Structure formats: structure tokens, C-alpha cells
Amino acid sequence: MSTPRLRAPVPSIDASEDRARRAPAQSAFAWVREHWIFGVLVVIVLAFSIDSSHFLSQANWLNTSSAATEVMLLAVGQTFVIVSGGIDLSVGASLGLSGMCGAWVMEHFFSHAGVPTGAPVAVTAIGFAVTLLVGAAVGLVNGVLIAQYDIPPFVVTLGTLGICTGLADLISNGQEITVLPLAIGNLGNDNLGGWVPVIVIATALITVAAGLVLARTRFGALTYTIGDNREAAVRAGVADRRHLRRIYVLSGALAGVAAMTVMARLAAASPTSGSDDELNAIAAVVIGGASLFGGRGTIAGAVIGTLIISVLLTGLIIINVPSFWQLVAVGAVLIAAVYVDQLGTGRRLAVRRGS
Amino acid sequence: MSGTDPTRAQPVLRVRRVSMYYGGLRALHEVDLEARAGEVLGLVGDNGAGKSTLLKIIAGVQRPTSGEIVLDGVPRRFEKPMDAVQAGISTVYQDLALAMQRTVVANFFLGRERCVDGWLGRRLGWLDHRSMTETTKRELARLHTRIPNVHAICKELSGGQRQALAIARAAAWCRRVLLLDEPTSALGVEQQAEVLELIARIRDQGVAVVLVSHQMPDVMKVCDRVTVLRLGEVVTTLERDELTAENLVGHITGAQLAREER
Chain A
1 MSTPRLRAPV
11 PSIDASEDRA
21 RRAPAQSAFA
31 WVREHWIFGV
41 LVVIVLAFSI
51 DSSHFLSQAN
61 WLNTSSAATE
71 VMLLAVGQTF
81 VIVSGGIDLS
91 VGASLGLSGM
101 CGAWVMEHFF
111 SHAGVPTGAP
121 VAVTAIGFAV
131 TLLVGAAVGL
141 VNGVLIAQYD
151 IPPFVVTLGT
161 LGICTGLADL
171 ISNGQEITVL
181 PLAIGNLGND
191 NLGGWVPVIV
201 IATALITVAA
211 GLVLARTRFG
221 ALTYTIGDNR
231 EAAVRAGVAD
241 RRHLRRIYVL
251 SGALAGVAAM
261 TVMARLAAAS
271 PTSGSDDELN
281 AIAAVVIGGA
291 SLFGGRGTIA
301 GAVIGTLIIS
311 VLLTGLIIIN
321 VPSFWQLVAV
331 GAVLIAAVYV
341 DQLGTGRRLA
351 VRRGS
Chain B
1 MSGTDPTRAQ
11 PVLRVRRVSM
21 YYGGLRALHE
31 VDLEARAGEV
41 LGLVGDNGAG
51 KSTLLKIIAG
61 VQRPTSGEIV
71 LDGVPRRFEK
81 PMDAVQAGIS
91 TVYQDLALAM
101 QRTVVANFFL
111 GRERCVDGWL
121 GRRLGWLDHR
131 SMTETTKREL
141 ARLHTRIPNV
151 HAICKELSGG
161 QRQALAIARA
171 AAWCRRVLLL
181 DEPTSALGVE
191 QQAEVLELIA
201 RIRDQGVAVV
211 LVSHQMPDVM
221 KVCDRVTVLR
231 LGEVVTTLER
241 DELTAENLVG
251 HITGAQLARE
261 ER
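Top to bottom, those sequences are chains A and B. Numbering of the first sequence is given in our numbering, commencing with residue 1 and proceeding in unit increments. Numbering of the second sequence is given in our numbering, commencing with residue 1 and proceeding in unit increments.
For the record, the hints were derived by calculation from the structure and aren't laboratory data. A quick note: this is a predicted structure, and the numbers were derived from the prediction, not measured. Note that the Cβ used here is the ideal one computed from N, Cα and C, for glycine as well.
Derived CB-CB ranges, DEER-like:
#, chain 1, residue 1, chain 2, residue 2, range
1, B, R63, A, L327, 48 to 58 Å
2, B, L231, A, V338, 47 to 57 Å
3, B, E190, A, E231, 21 to 31 Å
With the rest of the complex left out, here is chain A:
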């Protein structure tokens, strides 16, 4: 190999020196910017604990953690969607519809005169399978319309939000379905050692698995790449449409799983279950540091966002503040989180410049 003809007399910048020069102050700042939201969670928990001794009680922990599974599971799916540069507004309605479908099958085929029949475990398995499939089917519809027909995610999922809400009401004329195997209600209120609800364990396993998929696998890497620069992904030969379709199917399927935890917790399915959950799920993901422009966000962030929202809800109730304030508090945290996230990243200026 011959030496390059060009040898411009430019002094080489030594790599390590360059890093050392800017590292300490910058990386400390970056660390705080990445992790401050965890501090917010700690502060909120401490504040409620000091204010009320009930806050750290066993009953409140079981209640809060069980209720949090709903938004957590939706936020996991939403993280993939948002990182890919999309949005899924249909998850709450999809939760309602898939739960009603599963419950309807269980009531319609496995009950007599208002009493559940058949082997409880088998009936539950069938009902849950239907729930999961309906959730995934809604996700597939979203995915096909978004990926194949290039309709904006906001529009598609706003449409399916309405469709699913309507269909969920149609199934039983807007009524709840309560004729379910007792096993379901037992599952939802069972716990290990008095402290860890079964549905929390299931949710935690799914969340950790999803976190590993997003951070450590090719599937996750493609999700970030498509959200960051879809054109670059396409030029590198990535099957972008197929990947987006899978992401929306994942989000829908997780809405189905969330419907199971709700059904188990309440021992019933309601067409209004999950309404407004999409907003909490999106808020959780964004509070956790995801960018609605795509390409950024983590499952760990979504966990912290979900916990902040859940803790605010139960905490405010425990210290006797009307729960309406929860909406106000979550909204304020959401805006503050995004604002702080922009500090020092240059995004603020970039947006203002319109680039």
C-alpha cells in the first residue's frame, strides 16, 4: 500500500486529550440531565411518606403497584412506538375492547344462568388468548395502515381509538361483564409473601424483557434507527415497513396483556376500562425522557414515568387531596420534564430556528 499523496500539515488532535478537556463538567451535567427524573420520583415518595404514615403501608403498596401494571404495560408498548417516531393513541381503547372480547367469550360459551362453567384454568386461558389476539389485531390494523398505506400514526390511531371505544360498548350495550371464572379475580388479588402481587411480577418480567429487547437486540436497534433517520435506515436496506408493523402489533398485544391485568384486578371487564390510559402511557414515556420526534427513549425511563404518575394518584388520595389534582400534577410534571430535558441539548434553539 502506498502512502497517501495528500498530507495536509494539520496538527492532529490527540483523542484522549480532546476527551479529557471537555469530559468532567459536561458528563456530570449530562448525567444529571439523564437521571434527574429519578430524583423527582424519590422526592415525591419521600414527601408523601412524611405527610402520611399510610403511604408506605402494605395495603397502599399492593394497591398502587397493582393499579400501576395497567399504565406500565401500555407505556412499554408506547416506548417502542414513540422511539420509532410514531404515536399510538389507541392503546387505552384497545385495552377496553380486547378485555370485553375476552370476557364476552368466557361469559357466552362458558357460563350457565349467570354462573361460570367449565374448568376455570382452561376457560381463563381461552379468554386471555382471545384478549391477547384482539389487542394484537388492533395493533396489526394500526401497523398496516401506518406502514403500508403511509397514513400518519396520529390519524390512524385516533381513528382506531374511536372505533375500539365504540365496538367495546357494542359488545354488551355498554354494560360490564362480570360472569368470569373466579380464578381470574383470585389471580388479580393474589400475591407472594403478602407484598408482591402476581400481576406485578408478570408485568415486571414483561417490562424487563422489553427493556432488554430495546437496548440489546437488533429489533431495538432498528427501532431507534427508524425513529432517528428513517431514510438512512431504508438506504441501509432495513425493512422499515415490516418493522413498524411489528412495533404496532407489539403495542396492541401489550394493550391486550394490560386488559388481562385489569380484568384480574377487578374480576370484571368494562368497556370503559383503559379510557384516558393512552394519555397516561404517553406522559409516562415522555416524562421518562423519550422524544416525540423519535429516536430517543428507554424502558427504564417509562418505568420511572409510570411510577411518578401512579404515586401521584394514590399519594394525593391518601393525603386527602381530591384526585382531580392528579391530572394537574401529572400535566405539570410532563411539561417540566420536557423543558428540563431540552436545557443544554440545543433542541430549544433548534426548534426556534425552525431547523
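Knowing the structure of chain A, use the given hints to seat chain B on it.
The following block gives chain B in isolation, referenced to the frame of chain A:
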């Protein structure tokens, strides 16, 4: 000089009588050119001369109305950009196609992520971060690019570093031909020099480089031959010893032709 060395002067890429018409509009007319291994071929011309169209045809983005692309003596038909990439032609466009919020390593392996061996990698697509990091470091070092930290987020890199990353990535995956579209146009003087050095190093590794550029000083510094396009036709191909600013500009604008006719 590499341009006259007979052992290196095999044409890797041949464009044969390529024409491109958009309805009645003539973008390219019977264009011929040759790019040889270990050589930088400049492709210059005024705006609308057809440089970008030709580049897109070679890269498989567009199909020509007539004519053919011959790679290593074999005529090729590219239906989509990936066909060209798989045939060994890599392209760096002006927009660089980098994912700005991802790391240098992630960008280097963008769309070609490497998975660990065995079940975990095959079934779950578990990424081999260590191997990708090492390869990225090695490739960037091999081309002497000044990217200090392969875990840096792309957004934090300078314009020259981003350009170097995009070129180094394309060079790492390209086996035969590297197409570069205006690689120095958005850079400062010092960074331009670095990118030109990088191009020279890639050339010296036996790749046929095709450089589309408006920057005449750059073209003169790094190109072994220059094909000049005007109004969709090849005006001339200048050899290294004919590369003067006057000559280039004359052919680009057509002044040279007029002078010769007189």
C-alpha cells in the same frame, strides 16, 4: 502516480452510453465513463449538467432510459439501491444518512448490526456490542479519522467528523466503488483537507472512488482523472497533468470548446 500505473488501471466501473430522459427533457445523453481501481475519478459540471442524475443511476436509485452499468466487466441492472450496494457500490449522499441521536458505533453498523454467535444471536438478535465497537475503532483508525470516541453521540461530532464517519462507513462496506456526492461542500477549510486525505487513503486501498464536486481546488488536489459533464453530455475526460483551474472551468462552462473551435 496511481493514474498511470498499469497494474491498478483496470476499469472497475464502466458507464456505457447511458441516457436519461424525463419525458421530453434530456438529463443525460449517451454518457460514457470509466472508474478504475485505486483511482479517484472526478465528476464535475455546472448545475443541471447531470452529475446527480448519473450518480443516482450508478447507485441504483434511478434506472436509465437506455445504456448500461458494467461492473468488473459484467453488465448490471439495479432495481433498487440495495442491489448496487450488494454489487459493491457504496454511496455517500450530501445528507450523510446518519442517525444523529445514536452513537458512532451504531451509525457505523446502521442496518448491518452484528449479533452474537449461537442461539441468542440467531433467535433473539442479541447484539454483539463489543465486536461492533472493536471493528468500528479499527476501521476508523485504519483510515486515520479523527473521531476520538466511538461511543459519542453523532450529534456531538463536528461536521468534518460526521462526514468522515459517513465516508469511513461507506468505505468499510464497499468492495469496488465508492460514490461521494459533494463531500466537502459544507465544511471548513481544515475539515475539507481532512476529508480529502481520507478519500486519498481509501483510493490507495484499491477502491474506485467517484467524486462529484463543485469545489475545483478539491477536485484538482485529489482526482486522478476528471470527467466533465455539460448539458447531459460528457465534454471531456481530463488526465491528471491536464488538471488546471482554467482548463476545468473552461470545459464546464463551454468556453474551452468555443476556444478550440476557433
